[in-house]
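Asker: With the sequences and hints as input, model every part of the structure.
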Amino acid sequence: MTRAARRSRPHPSSPVTARRSLLLAAGVGSLGLATGCARLPVRLGQPDAYTPPPPGIDDLYRVDLLDALAQAIALAGSASDVRAAQAELPDLLVGALQEQRGALLTGAEAEDETSAAASGGAESPTVAAPTAMASDGGGATVDAVALVASLVALRDLCVQAARQVSGSLSRPVTAIGAWTAWATARLVALLPQAASALTPLPAPEDVVPTREVPETDPPSVGAQVDFHGTLETAQTDEWYVGYVYEVLAARSGGSTREAHLAARDLHRSRAEQLAAIAVEAGAPVPVRQAVYPLPSSFGSAAGIDAWPSQASHDLLTTYLALVGAAPFAQRPLPIVVALTEAAALAPHVGRLEALPSFDED
Numbered sequence: 001m002t003r004a005a006r007r008s009r010p011h012p013s014s015p016v017t018a019r020r021s022l023l024l025a026a027g028v029g030s031l032g033l034a035t036g037c038a039r040l041p042v043r044l045g046q047p048d049a050y051t052p053p054p055p056g057i058d059d060l061y062r063v064d065l066l067d068a069l070a071q072a073i074a075l076a077g078s079a080s081d082v083r084a085a086q087a088e089l090p091d092l093l094v095g096a097l098q099e100q101r102g103a104l105l106t107g108a109e110a111e112d113e114t115s116a117a118a119s120g121g122a123e124s125p126t127v128a129a130p131t132a133m134a135s136d137g138g139g140a141t142v143d144a145v146a147l148v149a150s151l152v153a154l155r156d157l158c159v160q161a162a163r164q165v166s167g168s169l170s171r172p173v174t175a176i177g178a179w180t181a182w183a184t185a186r187l188v189a190l191l192p193q194a195a196s197a198l199t200p201l202p203a204p205e206d207v208v209p210t211r212e213v214p215e216t217d218p219p220s221v222g223a224q225v226d227f228h229g230t231l232e233t234a235q236t237d238e239w240y241v242g243y244v245y246e247v248l249a250a251r252s253g254g255s256t257r258e259a260h261l262a263a264r265d266l267h268r269s270r271a272e273q274l275a276a277i278a279v280e281a282g283a284p285v286p287v288r289q290a291v292y293p294l295p296s297s298f299g300s301a302a303g304i305d306a307w308p309s310q311a312s313h314d315l316l317t318t319y320l321a322l323v324g325a326a327p328f329a330q331r332p333l334p335i336v337v338a339l340t341e342a343a344a345l346a347p348h349v350g351r352l353e354a355l356p357s358f359d360e361d
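Each step along the sequence shown adds one to the number in full-length UniProt numbering, with nothing skipped, and position 156 is 156.
Bear in mind the hints are in silico, worked out from the structure with no lab data behind them. If a hint is listed, it holds; no wrong ones were tucked in.
Computed beta-carbon distance windows for the label pairs:
| hint | residue 1 | residue 2 | range |
| --- | --- | --- | --- |
| 1 | D226 | A276 | 14 to 24 Å |
| 2 | A329 | G303 | 33 to 43 Å |
| 3 | P327 | S269 | 15 to 25 Å |
| 4 | A281 | T114 | 34 to 44 Å |
| 5 | G303 | R257 | 15 to 25 Å |
| 6 | A117 | A259 | 47 to 57 Å |
| 7 | P52 | L190 | 40 to 50 Å |
Think of the CB as a built atom: it goes at the ideal place given N, C-alpha and C, for glycine as much as any other residue.
Answerer: Below, the structure written as structure tokens:
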């Protein structure tokens with residue numbers, strides 16, 4: 001609109017506008033009189049009914065994850081053989097799964113559930129009855145097998161979702177997947193018969209997009225500076241952990257030494273893979289140091305024994321941050337490593353946060 005046109009446009013409080021408003025009011029009033037004061041469904045100037053756009057990839061995965069969490073909650077709550085083996089474990093699992101589900105609800109969904117619970121309405125879908133249970137072939141329900149199968153399905157869905165959703169959602173989704181990796185490893189160690197339902201984690205090269213991304217509401221990624229920073233941190237952490245394992249190997253013998261050397265090689269290999277990603281992305285590549293300071297906990301035998309689990313937890317936190325900051329194509333490695341480190345905690349940690357790393361923010 002030109003400046004001259006704006007000057008010629010009547011002000012809302014000008015006589016012209018006021019006269020138009022008066023005529024409009026008179027017209028509506030006379031319409032009522034002409035029809036015997038009947039109220040007709042006349043709505044002048046009302047916009048057309050709003051049609052929301054189709055859901056984007058974030059919402060599509062979020063809805064599926066909520067369904068998978070509801071199924072896992074139902075199975076965890078009814079796992080009689082798990083309760084018999086460790087009385088408090090089912091309640092621990094249910095509590096964590098409910099916390100994860102709550103983290104994925106929108107504000108409106110959470111408010112609706114709170115209102116329904118307060119008014120004594122229908123039960124939340126978190127306690128819906130399971131739709132399927134595993135059987136040992138003789139009619140007896142094998143609760144642990146069904147529960148592990150459900151958690152594995154949730155884990156795999158988290159991996160698929162984390163590869164494609166927005167960065168702000170990929171981190172909590174990967175955190176949920178990491179927790180399920182820990183929980184399934186813990187359950188199988190407690191109840192070996194459930195091992196039949198536990199499948200291996202995918203290799204990074206197998207973590208590929210599995211869904212077509214709708215054109216509406218496309219996913220987003222974090223800032224490049226965040227990606228470069230977390231990628232540099234991950235490289236430094238891996239070089240450091242590899243060095244400490246080499247020191248432990250030098251202090252050990254036999255099978256323990258071999259295990260430490262294998263761990264050293266694993267972490268150095270990861271550091272090299274991360275460095276290749278950094279070179280391609282134009283991110284910093286920290287130089288591997290010949291010597292690093294040893295952890296302060298190495299002053300005691302107990303501290304040395306506890307260090308591997310602490311290292312796994314620290315790496316889990318590092319890789320979850322990297323997943324949230326990384327572009328889509330660079331996510332597979334940190335996704336798989338995060339779940340791998342969480343599973344490695346199972347023999348040493350009896351409880352893992354429902355959303356690892358988020359309590360530290």
